[in-house]
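Participant: Guided by the hints, dock chain F onto chain V, whose structure is given.
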Amino acid sequence: MIRGRILNAGAASGPTLVLTEPVSFWGAFDPRLGEIVDVHHPQRGLPMAGKILLLPETRGSGGTPGGIAEAIRRQTGPIGIILITPDINLAIGASVAATLYGYACPVLSVNETDYATLLKHPALAISLDGVISPQARQ
Amino acid sequence: MIATLDDHDQALMDGARGPAMKLAMELVLQAARIMGAERLVPVSYAHIDACFYNGQAHVDFAQYMLDHGATFSVPSWSNNGVVSLTHPELYDGNPDHEMIDGARKLMALYQALGCKPSWTCAPYQLPKGPKFGDHIVVGESNAVTFFNSVRGARTNKYGDYLDVACALVGKAPFAGLHCDEGRQAELLFDCSGLADDWKREDVFYHLLGHYVGRVAGRRIPVVTGLSPLASEDNLKALSAAVAASGGVELWHGVGVTPEAPTLDHVFSNGPRHAVINDDLRAARDMLSPGRDGPLDLVALGTPHFSVTEFAEVMTLLEGRKVKSNLPFIITTSRFVRSYIKTKGWLAELERSGATVVGDICSYYAPGIAQAKGRAMTNAAKWAYYAPGMLPVEVCFGSLRECVESAVRGEVWRDAKLWDGLR
Numbered sequence: 001m002i003r004g005r006i007l008n009a010g011a012a013s014g015p016t017l018v019l020t021e022p023v024s025f026w027g028a029f030d031p032r033l034g035e036i037v038d039v040h041h042p043q044r045g046l047p048m049a050g051k052i053l054l055l056p057e058t059r060g061s062g063g064t065p066g067g068i069a070e071a072i073r074r075q076t077g078p079i080g081i082i083l084i085t086p087d088i089n090l091a092i093g094a095s096v097a098a099t100l101y102g103y104a105c106p107v108l109s110v111n112e113t114d115y116a117t118l119l120k121h122p123a124l125a126i127s128l129d130g131v132i133s134p135q136a137r138q
Numbered sequence: 001m002i003a004t005l006d007d008h009d010q011a012l013m014d015g016a017r018g019p020a021m022k023l024a025m026e027l028v029l030q031a032a033r034i035m036g037a038e039r040l041v042p043v044s045y046a047h048i049d050a051c052f053y054n055g056q057a058h059v060d061f062a063q064y065m066l067d068h069g070a071t072f073s074v075p076s077w078s079n080n081g082v083v084s085l086t087h088p089e090l091y092d093g094n095p096d097h098e099m100i101d102g103a104r105k106l107m108a109l110y111q112a113l114g115c116k117p118s119w120t121c122a123p124y125q126l127p128k129g130p131k132f133g134d135h136i137v138v139g140e141s142n143a144v145t146f147f148n149s150v151r152g153a154r155t156n157k158y159g160d161y162l163d164v165a166c167a168l169v170g171k172a173p174f175a176g177l178h179c180d181e182g183r184q185a186e187l188l189f190d191c192s193g194l195a196d197d198w199k200r201e202d203v204f205y206h207l208l209g210h211y212v213g214r215v216a217g218r219r220i221p222v223v224t225g226l227s228p229l230a231s232e233d234n235l236k237a238l239s240a241a242v243a244a245s246g247g248v249e250l251w252h253g254v255g256v257t258p259e260a261p262t263l264d265h266v267f268s269n270g271p272r273h274a275v276i277n278d279d280l281r282a283a284r285d286m287l288s289p290g291r292d293g294p295l296d297l298v299a300l301g302t303p304h305f306s307v308t309e310f311a312e313v314m315t316l317l318e319g320r321k322v323k324s325n326l327p328f329i330i331t332t333s334r335f336v337r338s339y340i341k342t343k344g345w346l347a348e349l350e351r352s353g354a355t356v357v358g359d360i361c362s363y364y365a366p367g368i369a370q371a372k373g374r375a376m377t378n379a380a381k382w383a384y385y386a387p388g389m390l391p392v393e394v395c396f397g398s399l400r401e402c403v404e405s406a407v408r409g410e411v412w413r414d415a416k417l418w419d420g421l422r
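Keeping their order, the protein sequence lines are chains V and F. The first sequence begins at 1 in this note's numbering and counts up one residue at a time. The second sequence begins at 1 in this note's numbering and counts up one residue at a time.
Same shape as in the complex, but just chain F:
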């Protein structure tokens, strides 16, 4: 229980900054009470998820905050939207006016409140992000996991409205993953029995994340035997997959993530699992129920595509064109999109038949939202959620398989890659 408030917080509760800031303070204290926090901790950064349209209540909340004088106390960045502001023409003729108008209004309201318009689920790809040990407020599940695990910043998974309230007040309940004792691993996954060259494949991180998440649930796992050469894209894939299949908000990788230079730093006792090829094969079978055959969609960019991932796609395409009329859609942030535009890659990708959409969550992207039939993706997270959101049969594969399949117009399998799992 928080015994006393400091002058700043008490003034907010007394309404000195108006009813919106008072509501924000009340929500933070309500959460602190439920979590059993004894104090609040100042935060330095927020990534806001409540700008992701989810009905009129979201709009009403933001409007109330704006009308009653709320302002963010810390730099706050926006999660992706349900509509793309970089591609307004893609919504011409879409009959769901309530959703599109509501989503646009919501995005405008958060900008008016001072939220920086990043519109991305991968805010860690933007420059000048949170650093090791920073206390931050994040709601988007993959970003929570990436910031906690890969950057070593500290956040709980803040649900809608509480993320905004904490960013307005500039503080969060000191509980859970903000505390040292809340960050210890509870179970171990040992990958040292797997072949080293398999651990260099992009699919490995997606499959491992899916498997670990299913076993760990909401517990904190530590993984040993990972390659120290794992790229940021690999760690993004693992973070997104482990958050989707299990709800993991922090994982440690010994020798890979910053809080786990050795196993002893993060783990004393708990269940131990030796990861074997069968586990990864089972993950692949679960994520890839689709049969080989002609494709109706290739969807990349969950979470949002990075500059290095775009570079890989350019290399894999080798100037070839995607099969005509096959939607090949890559979702990314406007920041990365404008970067690849200045490099000339965007024009080249578009000539190849790719569509690069900014601002938006993949499932809501025009061309994906209406998709049906057979869809291919390189992302475990997309493969995990898509069957519940879209009438598609999902084929999961490596980035190389996705690009090659897009060119051929049908699922192409890299036999050598999957032989490695035998």
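Same shape as in the complex, but just chain V:
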């Protein structure tokens, strides 16, 4: 059992999408598509909808809260996010989206060891109190 640090509280369960490089949710991400559009990013074009996103960190863009909130509004975005480096922008964007649109997308940070463990599982569940548990492939 892995317990993450809660940056934005929520519960979710679903298959994972792993981003191997940091990303900005402004410019490099299109919320209309729910996909990375930066041609240099290895996970460009992979849909985030319905996925629990695992990524090491974001690029610290101030436009990230709007990008993630808009993706949550359009239901093109991830249903949960797990990072290594705590990220204020993703947390604030998810928090605002929860108030406006009623879906609380969990945003959690974990240490590198736990992150490496989570990468081995094709699907995860996140509980309201920040517990992350493996799920069988769905």
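Calculated from the structure, these hints are not laboratory results. Note that CB positions come from ideal geometry on N, CA and C, so glycine has one too. There's no promise every hint is true.
Claimed, not checked - One side only, chain F facing chain V, incomplete, derived with CB under 8 angstroms:
hint, residue
1, 31
2, 49
3, 60
4, 64
5, 139
6, 157
7, 159
8, 160
9, 161
10, 162
11, 218
Facilitator: Here is chain F on its own, set in the frame of chain V:
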């Protein structure tokens, strides 16, 4: 962790000022928790970036705040928009109604919330701005860097919504660049080996900023060997470039910026780099991949053009006209635009074939947003971002090169200038 809230903050959390102010307080505390802040610090000024349209969620957030009785607690000024309100006619026939209508609505909502309509990414050019030591809230990256570095005011880079939340509450998490210990330089760049006359060129500050940002990443750099005569426009260029290529939010210039009268004030140990001509040449090559040849666009005003920059363009033009049909577009604030209008410069510039657009971010300016082909700019920031946003081949040059090229209709190079980098 913030142990207890004062009466004002507790009342907001209890909903005494309604759900919008409660949400604002919750967002500030959420950020404080993530940053590990032990208390909040009162702020005296805000520059709001969330008015820059980025989808319907931005509009919904502002509408929610307005509908639920939110009001700004500190003077708050708006960043530039995606559309120009001074030039509504420029959007006639533009098919992207969702973006244009959304952007206009968003700008109207922030005005209704009490945000002062400055619509500029260079708010430090407005009178009565933040002073040394003031705690402020800023989101726009070049303004964060300029206010921190050149004015000595204190702000972190506040992302969208958190900027608004802090301005509504009037407080920010006391962490990062708000604290003394968060403002020490982590690496040093020594420019004393470069020729003094090269350091008086405008391009020097753009190239140095680009180079320093690439090496520093998000660390705080200190630069030695700068000229004490560096102008505010020079420091604006350096701040914008270092923020674009690296994400630097504060830099120090010994003898130039207010927190660094001496090196000892800001730096004790860390990596040291001696800046050489090769570094600046490499920056130039990276920012200026375009080949010489006929131009399709000249774009000035990233960040927004200042009065002194307009004066320089007037001098360089010497009453000559820009090559016919070549878009020569300068983006600026409505404040600076109205100032140059009263001086008669605007009419003269327009007679020369220049277009001066207020309120707007350069890449979204009509004439720039549709541009393709070969584009010339004097701004490292524009040169850095444009290839990812527009189908253009960028030529970076000095302001003199840009103006001369605009007149000739093709890229003109100042051989004497670049010989200085040999």
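Participant: Which of the numbered hints are not met once you compare them with the structure shown?
Facilitator: none
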